[in-house]
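*Asks:* Letter by letter, the chains look like this.
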Amino acid sequence: MIQLIHADGADLPLVQKEIFRYLGYGSQTPTDTEILKRTEECTETLRQALSCKACFDRFPLTFTENGVTVGDLHLPSMDLKRHLRGCGSAYLMTATLGYEVDRILGRYSLLSPVHAVIAQAVGAAAIEAFCDRLCRQFADIEQKKLRSRFSAGYGDLPLDTQPALLGLLDAYRKIGVTLTEGLMMIPTKSVSAIVGIEN
Amino acid sequence: MNLRKALKSGRLYFDGGYGTCFQARGLSSGELPELWNLTRPQEVVALHQEYLGAGCHILTANTFGANRLKFPGNGAFSLKEIITAAIQNAQTAIAQSGRRDCFVALDIGPCGRLLSPMGDLPFEEAVSLFGEVVRYGIDAGADLVLIETMNDSYETKAAVLAAKENSAVPIFVTNAYEESGKLMTGASPEAMVALLEGLQVDALGVNCSFGPEGLLPIVERYLRVSSTPVIVNPNAGLPTVVNGKTTFSADPDSFAASVQKIATMGAAILGGCCGTTPAHIRKVCEQTADIPYRYPTPKNRTVVSSYTHAVCFEQKPLLIGERINPTGKPTLKAALRENNISYVLEEGLAQTEAGAHLLDVNVGLPEIDEPTLLPQCVKALQTVTDLPLQIDSSDPKAMENALRIYNGKPLINSVNGKDEVLDAILPLAAKYGGAVIVLTLDKTGIPDTVDGRMAIVDKVLARGAAYGLQPKDFIIDPLALTVSADTAAPSITLECLRQLTARGLKTSLGVSNISFGLPERALLNTAFFTMAMENGLSAAIMNPKSRQMLGAYKAFCALSGLDAQCEDYIAFATPTATTQSAPEAKVELPPMEQLKRCVTKGLTEQAAVVAEQLLQSEEPFSVINAGIIPALDEIGTAFEQKKAFLPQLLLSAEAAKSAFSVISQKLSASGIVREKKYKIVLATVQGDIHDIGKNIVRALLENYDYDVIDLGKDVPPETVVEAVRQSGAPLVGLSALMTTTVPAMEKTVALLHENGIPCRVVVGGAVLNREYAESIGADFYAKDAMETVRYAETLLKES
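So the sequence lines, in the order shown, correspond to chains A and B.
Numbering-wise (the working numbering), the first sequence opens with residue 6 and increments by one.
Numbering-wise (the working numbering), the second sequence opens with residue 81 and increments by one.
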């Protein structure tokens, strides 16, 4: 049974340290007031635009010679198989920040490279924070340890498994997440992943 | 029986869910329900029969996902076979029922891919793939086209155009809303009603979404504004799992109870969506049978829309930003000739921020390919502003191209009393939707009497009626003529406004014409603007960045009871604390050092101020060469050494740009053109829609005085080759973000080589590295924007 979550993201923790990490600062924090000011601006604008949505379902796992089967879907990947060793089932999840965020990123991209770069980083931090929160919910439901998120394109899990993964969750109809011909996710700030539940 | 007649005479009922019912009958998850039309037709016909037995009039053929993206023709059955069988199954069920009051709807759901520019499916490809479905459905005998569950306004428009272009049957459209009360891509119910009534569909409404009870507020909004019959086909609430089985929260009784409210509110067509069954529909038919049917009353709303909201011409006048128009604007002219759209976008954004309600878009210049440029600008503007646009062109081809790709219901500027104009533009308004501005002039010129101008209005309204356009679809511009030529001119215009308003018609004016040829034009403009509003003006085409004009508007609204508690006026007239950051530059630094510091620290506003001061004592070129360039080099080097980071580099680029623009003004005032180093063509390759990296490279290259020709994103190889050939650029920069789009990059490089074009190719993007770049035939791999600049500099030294 595919389940849905929808939140406006008002209380999503958008940690500056994370944003600066995505901007390449490592563990440093810029001292430049101008950069700090613009980061606050972008964070505020993006926060207003957040429409955090996710759909997820829980599937049994079976291990095959060359990969893992999630529900009825076989994923040919030794890396994923290794990653999920010791798990009997897994959550399949797709999460997104929604279309308004893309609109803002697109607007910045045309008009202000500085804002565009910072807003990209804020968006990256936001979708990760949203996914983290989702995974904590899974852990609460299961009362078990979860593995880290694994996505199509990681290691040897082919990117072209992405349409089937999104299809299993009916992600376009449920939360509006779709793919381009080149298999990029739209909205761009979206994540799909498999999260193993430890036995 | 004729469906359009049936719609006038009584309430019609749709059927309910199919996918969920098929699952109950054994459809496995992942199996495409449309295949059942051919593999298990008896099940499909049986379900249709149950719905007919329950009391529905319109059967939805089992074609929801039938399109060439999902059925590309490599399976057991062709798309045509599937659609034909689906229509036939519904027809069979009706024939067997013996009923004569039933209709078969060709069902069209979302195609599953998102349209450009948010996604990568080109608008015309969407129109074409829906068109194919419509042709097959009509050939098989469908009585109507039902476009449903659409969660994007743009895809909805593409499907409606496809239906209009390939059939003459009635078109019904329902959209699926999110709990926020908007479509997934942002449109409000009012915006969808505006768009769909503009497109002249036969019925419109909502389906699926989140159960009948939750839809009540959205249905209410539809009924308040729609003059067209409203359809409500909700799902049976949200799905829940009970004892391992999926059930929907609304059982037939509670579903029907909610739908009863919807019928009482005035919805004309009722039915169900996911999770509803024949039992639900039977209950709905029973419980609403006694509720009197009302065909919707005309709402007489003059309305336009964007992809988010509708703007209605009401008592409070609207402001239409006039600044995107090259007449009298040399900078815009130059930008358009160079195909530089950023200037247009900045102007659009500035007017949006200044408080305009709509924006006029005019790019008409003699030496410009307007049919190409106008839609391009309209599309780009719709990525930076959510205001409805007024499309302004005297070229019918340019007008059609822009109306076609506009996401929403635009304002069309304009028609007049000339037959050839009416014959060219009115059919476009009927086909694509749009409110139409009417200039009160004809082949004999502008009548100098009120009656003369009103006669033109009557002629245009009569001609519009033949195209299904009503008086509310027109906005009359009685024309403001310069008072210096004829002091009686303003009173004629004002009298026209009075008479038009008394007739219930909406009006607009280009206000500033009034003062042409006179000194202190703002004095006359503001006074006339106020007089016009007092005489009923509905909208003014003006400069929203003019404080005087905006002041006249705010004052008028406050004095006319159109501004509750004078809030808007107070907000406008109260000076806001300036956001200017405290001057950081140390005063004791020599001016050139100050400029350098502004650039390296990214102080945009101060950089311009300091550059301005420097120009009083220094030569422009020495400000560039001794100030800006060394500062850019300094930050560039710091970036390369990882002492500065990307945001700082870009901030410096922005500060440099503001200093450059001051210097360029000075140079062009003295007739000197700052020579560019050479041309560079930039593109994000075909299939790739992530262009931020490319935009960063462009910003830096421009600062280093390169003449950048930016082809944008998702650029076909042929376009790159053509641009390089035409410009003779010695360097091409290509970006790709994904492994899946690197082949397009390889193809572009190969095509450049095949055509023997003597240019170097620099590539960049997240998935590339030096070896990969070499393997696809590129000359250089740049790991970041600074490396691209450095590479460009080495080419300069070679030559």
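The hints are simulated quantities; they were obtained by calculation from the structure and are not laboratory data.
Do not rely on the hints blindly, as some may be mistaken.
[Unchecked claim] Computed cross-link-like contacts, DSS-like style, restricted to lysine-lysine with a CA-CA straight-line distance of at most 25 Å: (1) A:Lys42 / B:Lys722; (2) B:Lys539 / A:Lys179; (3) B:Lys459 / B:Lys511; (4) B:Lys244 / B:Lys523; (5) B:Lys877 / B:Lys413; (6) B:Lys523 / B:Lys539; (7) B:Lys759 / B:Lys723; (8) B:Lys150 / B:Lys409; (9) B:Lys746 / B:Lys723; (10) A:Lys22 / B:Lys459; (11) B:Lys539 / B:Lys511; (12) B:Lys459 / B:Lys723; (13) A:Lys150 / A:Lys86; (14) A:Lys22 / B:Lys723; (15) B:Lys523 / A:Lys42; (16) B:Lys723 / A:Lys42; (17) B:Lys756 / B:Lys877; (18) B:Lys756 / B:Lys746.
*Asks:* Is the Cα-Cα distance between Lys759 (chain B) and Lys723 (chain B) 25 Å or less?
*Replies:* violated (31 Å)
*Asks:* Would the pair Lys539 (chain B) and Lys179 (chain A) pass a check requiring their Cα atoms to be no farther apart than 25 Å?
*Replies:* Violated - the C-alpha atoms of Lys179 (chain A) and Lys539 (chain B) are around 50 Å apart, more than 25 Å.
*Asks:* For Lys723 (chain B) and Lys42 (chain A), compute the direct alpha-carbon distance and say whether it is at most 25 Å.
*Replies:* The given pair, whose Cα atoms are some 20 Å apart, holds under the 25 Å limit.
*Asks:* Tell me if the straight-line CA distance from Lys756 (chain B) to Lys746 (chain B) falls inside 25 Å.
*Replies:* This hinted pair holds, its Cα atoms lying about 17 Å apart.
*Asks:* For the pair supplied as a hint, Lys756 (chain B) and Lys877 (chain B), is the alpha-carbon distance within the 25 Å limit?
*Replies:* holds (15 Å)
*Asks:* Quick one, are Lys523 (chain B) and Lys42 (chain A) close enough, alpha carbons at most 25 Å?
*Replies:* violated (58 Å)
*Asks:* Does Lys523 (chain B) pair with Lys539 (chain B) here, judged by a C-alpha cut-off of 25 Å?
*Replies:* Holds, at roughly 13 Å.
*Asks:* Between Lys877 (chain B) and Lys413 (chain B), is the straight-line Cα distance small enough, at 25 Å or below?
*Replies:* Not OK: Lys877 (chain B) and Lys413 (chain B) at ~34 Å, beyond 25 Å, violated.
*Asks:* If you draw a straight line from the CA of Lys244 (chain B) to the CA of Lys523 (chain B), is it 25 Å or shorter?
*Replies:* violated (33 Å)
*Asks:* Run the distance test for Lys22 (chain A) versus Lys723 (chain B): straight-line Cα separation, threshold 25 Å.
*Replies:* holds (18 Å)
*Asks:* Taken at face value, is the distance from the CA of Lys723 (chain B) to the CA of Lys746 (chain B) at most 25 Å?
*Replies:* Violated, at roughly 34 Å.
*Asks:* When you check the alpha-carbon spacing of Lys22 (chain A) and Lys459 (chain B), does it fall within 25 Å?
*Replies:* Outside the cut-off at roughly 37 Å; violated.
Hints 2, 4, 5, 7, 8, 9, 10, 12 and 15, counting from the list given before, are not met by this structure.
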